[in-house]
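Line by line, the protein sequences are chains C and X.
Residues in the first sequence are numbered from 1 upward in steps of one, following our numbering.
Residues in the second sequence are numbered from 465 upward in steps of one, following our numbering.
Since the hints were derived computationally from the structure, they do not count as laboratory data.
Heads up, the beta-carbon is just placed ideally off N, CA and C, and yes, glycines get one too.
It is possible that some hints are incorrect.
[Unchecked claim] Chain X is nowhere near these chain C residues, computed Cβ spacing over 10 Å in every case: (1) Ala23; (2) Asp58; (3) Lys202; (4) Glu259; (5) Asp262; (6) Ile297; (7) Ala386; (8) Ile396.
[Said to hold, decoys possible] Derived coverage of chain X by chain C (criterion: at least 3 residues anywhere in the stretch with Cβ under 8 Å from a Cβ of chain C; other residues may be distant): (9) 722 to 731; (10) 774 to 781; (11) 832 to 844.
Number of protein chains: 2
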Amino acid sequence: MNFQLTTEYLDALKEAISAGNDAFIDGLLQELHASDIAEIFNELDIEESKFVYKHLSDEEAGKVLVEMDEDARERFLASLTSKEIAEQFIDNMESDDAADVISELSDKVQNEVLSHIEDPEQASDIVDLLNYDSNTAGGLMAKELVKVNVNKNMIDCVRELRSHADDIQHIYAIYVVDDDDKLLGLISLKKVLTSSLRVPIKQLFNEEIISVKTNTDAEEAARVMEKYNLVVLPVVDVIGRLVGRITIDDVVDVIRKEETEDVQKMGGMEVLDEPYMTMPFWQLIKKRAGWLVVLFIGETFTATAMSFFQDQIAKAVVLALFVPLIISSGGNTGSQASTLIIRALALGEVTIKEWWRIIKKELLIGLVLGIILGTIGFLRIALWSAFVNVYGEHWILVGATVGVSLIGVVLWGNLSGSLLPIVLKRFGRDPAVSSAPFVATLVDVTGLIIYFTVATLMMRGVLL
Amino acid sequence: MNFQLTTEYLDALKEAISAGNDAFIDGLLQELHASDIAEIFNELDIEESKFVYKHLSDEEAGKVLVEMDEDARERFLASLTSKEIAEQFIDNMESDDAADVISELSDKVQNEVLSHIEDPEQASDIVDLLNYDSNTAGGLMAKELVKVNVNKNMIDCVRELRSHADDIQHIYAIYVVDDDDKLLGLISLKKVLTSSLRVPIKQLFNEEIISVKTNTDAEEAARVMEKYNLVVLPVVDVIGRLVGRITIDDVVDVIRKEETEDVQKMGGMEVLDEPYMTMPFWQLIKKRAGWLVVLFIGETFTATAMSFFQDQIAKAVVLALFVPLIISSGGNTGSQASTLIIRALALGEVTIKEWWRIIKKELLIGLVLGIILGTIGFLRIALWSAFVNVYGEHWILVGATVGVSLIGVVLWGNLSGSLLPIVLKRFGRDPAVSSAPFVATLVDVTGLIIYFTVATLMMRGVLL
Numbered sequence: 001m002n003f004q005l006t007t008e009y010l011d012a013l014k015e016a017i018s019a020g021n022d023a024f025i026d027g028l029l030q031e032l033h034a035s036d037i038a039e040i041f042n043e044l045d046i047e048e049s050k051f052v053y054k055h056l057s058d059e060e061a062g063k064v065l066v067e068m069d070e071d072a073r074e075r076f077l078a079s080l081t082s083k084e085i086a087e088q089f090i091d092n093m094e095s096d097d098a099a100d101v102i103s104e105l106s107d108k109v110q111n112e113v114l115s116h117i118e119d120p121e122q123a124s125d126i127v128d129l130l131n132y133d134s135n136t137a138g139g140l141m142a143k144e145l146v147k148v149n150v151n152k153n154m155i156d157c158v159r160e161l162r163s164h165a166d167d168i169q170h171i172y173a174i175y176v177v178d179d180d181d182k183l184l185g186l187i188s189l190k191k192v193l194t195s196s197l198r199v200p201i202k203q204l205f206n207e208e209i210i211s212v213k214t215n216t217d218a219e220e221a222a223r224v225m226e227k228y229n230l231v232v233l234p235v236v237d238v239i240g241r242l243v244g245r246i247t248i249d250d251v252v253d254v255i256r257k258e259e260t261e262d263v264q265k266m267g268g269m270e271v272l273d274e275p276y277m278t279m280p281f282w283q284l285i286k287k288r289a290g291w292l293v294v295l296f297i298g299e300t301f302t303a304t305a306m307s308f309f310q311d312q313i314a315k316a317v318v319l320a321l322f323v324p325l326i327i328s329s330g331g332n333t334g335s336q337a338s339t340l341i342i343r344a345l346a347l348g349e350v351t352i353k354e355w356w357r358i359i360k361k362e363l364l365i366g367l368v369l370g371i372i373l374g375t376i377g378f379l380r381i382a383l384w385s386a387f388v389n390v391y392g393e394h395w396i397l398v399g400a401t402v403g404v405s406l407i408g409v410v411l412w413g414n415l416s417g418s419l420l421p422i423v424l425k426r427f428g429r430d431p432a433v434s435s436a437p438f439v440a441t442l443v444d445v446t447g448l449i450i451y452f453t454v455a456t457l458m459m460r461g462v463l464l
Numbered sequence: 465m466n467f468q469l470t471t472e473y474l475d476a477l478k479e480a481i482s483a484g485n486d487a488f489i490d491g492l493l494q495e496l497h498a499s500d501i502a503e504i505f506n507e508l509d510i511e512e513s514k515f516v517y518k519h520l521s522d523e524e525a526g527k528v529l530v531e532m533d534e535d536a537r538e539r540f541l542a543s544l545t546s547k548e549i550a551e552q553f554i555d556n557m558e559s560d561d562a563a564d565v566i567s568e569l570s571d572k573v574q575n576e577v578l579s580h581i582e583d584p585e586q587a588s589d590i591v592d593l594l595n596y597d598s599n600t601a602g603g604l605m606a607k608e609l610v611k612v613n614v615n616k617n618m619i620d621c622v623r624e625l626r627s628h629a630d631d632i633q634h635i636y637a638i639y640v641v642d643d644d645d646k647l648l649g650l651i652s653l654k655k656v657l658t659s660s661l662r663v664p665i666k667q668l669f670n671e672e673i674i675s676v677k678t679n680t681d682a683e684e685a686a687r688v689m690e691k692y693n694l695v696v697l698p699v700v701d702v703i704g705r706l707v708g709r710i711t712i713d714d715v716v717d718v719i720r721k722e723e724t725e726d727v728q729k730m731g732g733m734e735v736l737d738e739p740y741m742t743m744p745f746w747q748l749i750k751k752r753a754g755w756l757v758v759l760f761i762g763e764t765f766t767a768t769a770m771s772f773f774q775d776q777i778a779k780a781v782v783l784a785l786f787v788p789l790i791i792s793s794g795g796n797t798g799s800q801a802s803t804l805i806i807r808a809l810a811l812g813e814v815t816i817k818e819w820w821r822i823i824k825k826e827l828l829i830g831l832v833l834g835i836i837l838g839t840i841g842f843l844r845i846a847l848w849s850a851f852v853n854v855y856g857e858h859w860i861l862v863g864a865t866v867g868v869s870l871i872g873v874v875l876w877g878n879l880s881g882s883l884l885p886i887v888l889k890r891f892g893r894d895p896a897v898s899s900a901p902f903v904a905t906l907v908d909v910t911g912l913i914i915y916f917t918v919a920t921l922m923m924r925g926v927l928l
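Chain C extracted, bound-state conformation:
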């Protein structure tokens, strides 16, 4: 089962294609899952892809198309006529996948493809789905579903099921609706198989049904499925009529996307809407430069802060040597703290109401971490001074200044790092936005002030 696309495999395949070896290709495709064939298609050039896809059934071809990488799919579809796309792919796809693929085409090609779809219901389903925002439940759902009127019997239920068996790849439940198509409940396939066929549906169906609206946020729909352990979630319109269903595989993609967005925001950039490799150069620059410039301007305040301490630096150049060490320690601690809190907030492990508990915890943690780093910092200076005279005769004072400053900066970095996400969330902002670099910038400026203030106090009359 565990298909691995190796170079040797691909070479053998390409050879068979150029030799026009139909039997070989047929045998191969028979063995493989659509997701594996899609992986192969990602690696083939246009002519090769065209040769291979002719060996696929229309149904299989649609599945392969959906699983392909976006850029490979775009290139492949560009080589086909709108009629080919409609008849050999879209006609046999489930409506949500069909709408996703069509939405990637230009407006002109979209219209051509839609006009070539043979099944009018399929065409109207797709047109309908194209209207929904892709970040909503409506944008995720498929229109194909099995529903039955609440006044019917189980035998009607089975009949309905059989009549849809060919269009719908996986059926997990039969939905029960009233005369106005309003969603009332569901019957599981297990129930159908274990009940007498003469029983009225009214007596059997499960009224405890969870649904979302078409305009529900996609991430919210994902959370609902996760919380209630659902594999399929019905979608209703504004007045409660059943219009579609979301399946768990689409939700897994939503979760992955959400996580990627969080990670990118935490890394200090705007969210990329496309995979890294296909993102155009200037788009990448745009997504990255904005936050870099904001952080840079914030960071220029370090120069301002330090200019207030020019005299001290001129008198004791040794002070300047530890500037990067001290501010980066604050930044690293703050970045740990903000990562922890952002993630705990995202997973619902903590709520902003618990801010006081978090502060108390992080104050103590920051103190302990600060003492650890401060001690190492002092020992490092003491150790070096034992061998070389790099820090002058007052090395103990230098070491103590660095050590005490580290405690203050780490404590403060830790507190800022844990508080900032909570404050952002409190004011309705996304706690993940640019948090780690933002905390670092904040802590850099304040860390310098802490350091030079400690130095001024401790070294007065000796070095300063």
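Start from chain C and add chain X according to the hints.
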């Protein structure tokens, strides 16, 4: 459907509990899903929980228990006898959930609970599951499944299904096995419902089946389900015998856990094995201090690097003012780049074989970003100098030195940030490990050398 646990709701409930209002509680529980009841249980104290759970059916009680927060569950179970835990919860749970709950108990209580389970098959299933590592497919799977011998008819299939309907909450497929219990394929429920009952299974079942082994890594199992869009995945032993099945809801948890681990590693700490709030204080310190100390020791090289340029700093103190600005710009750019590449690697958007394409792309991006920040840096110094004499008469030279250094440092930071994850992955390491702070530390040390070298070259004869 959208249940929201409000303070008012909880207060009303607590009042009803203290008044012993059984009817109110019954009505309430009837309306709610087990996941919602679990949310309520998380907020109740022991006595209240005990009062409420007596109103739940045994089956419902098990579901609620599984969905509760780990610490609330631990507290609640500690207040019950082993007999109560076994008979009122474990007996009616699916084996995977039962094993998960039992694994959280102490060894002594585990044995007691196991000895009180009434159904010997359930007890032996749980004992069996407890043996698997929780990070493997075996640790995720449930033992309950419906299987049928390949030599039977569809009617046997339906019979088998009906006989299991009560033990298994959701049935998605019937597995087909040979006389030795080896997995051969599956029959979907849809197929059962749409086929004649007299047909032999041999003629109908789907041989294209994807399975994993009990010792397959849990994350790998998750990837297989994701790739092939599966809601249930059969698990076989080392010689191919069917032993269990994994459902998609468990895999969603695996994905969430995997993402959390990645985020925490990227934030520069060890992975926490527990939720933030329940993690003991010294454990948190341990998870965080290790990497902080490593990074701190790396960062002490900044002091070493700067000590080589003490003379320059003494002559031109103004140089010291821009140290934080310059190194943080390199760090921020590097952290963006490493975030991008780590995420793209994790999602399979890029492979390490494409390193040369990535370098070419990132070199250009780094150059453009460097020019942007360098220009802003120069303008900032020019602007300030127009109003105050903070950077002396040679402000143009200072501005040019800072600007050119920024180009170099940003370019280098960007390159290091994008290369480090690739190098780590190439040598079989996890690219996410401590990447952002690690890149920052690397770039800090090298950035200082770039800066002071540029300064020495450009200012020679004027300021230095």
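Verification of the supplied hints:
1. Remark: the non-interface label on Ala23 of chain C is consistent with the geometry, its nearest Cβ contact in chain X lying 20 Å away (cut-off 10 Å).
2. Distance check on Asp58 of chain C: its Cβ is at least 18 Å (rounded) from any Cβ of chain X, clearing the 10 Å threshold; non-interface status holds.
3. Every beta carbon of chain X lies more than 10 Å from that of Lys202 of chain C, the smallest distance being close to 18 Å; the non-interface claim holds.
4. Distance to chain X contradicts Glu259 of chain C as a non-interface residue, since its nearest Cβ pair spans about 4 Å, not more than 10 Å.
5. The Cβ of Asp262 of chain C does not lie farther than 10 Å from every Cβ of chain X; its closest approach is about 7 Å, which violates its non-interface assignment.
6. Consistency note on Ile297 of chain C: stated as away from chain X, yet its beta-carbon is not over 10 Å from all of that chain's, at 7 Å minimum.
7. Listed as outside the interface, Ala386 of chain C is consistent with that label: its C-beta sits roughly 15 Å from the nearest C-beta of chain X, beyond the 10 Å cut-off.
8. At roughly 16 Å from the closest C-beta of chain X, the C-beta of Ile396 of chain C stays outside 10 Å, upholding its exclusion from the interface.
9. Interface restraint, the segment 722 to 731 of chain X with chain C: holds (7 residues with C-beta to C-beta distance below 8 Å; minimum three).
10. Requiring three or more residues with a Cβ within less than 8 Å of a Cβ of chain C, the coverage given for the segment 774 to 781 of chain X holds, as 4 such residues are present.
11. Beta-carbon proximity to chain C at under 8 Å applies to 7 residues in the segment 832 to 844 of chain X; the threshold of 3 is reached and the given coverage holds.
In terms of the numbered hints stated before, the structure departs from hints 4, 5, 6, listed from lowest to highest.
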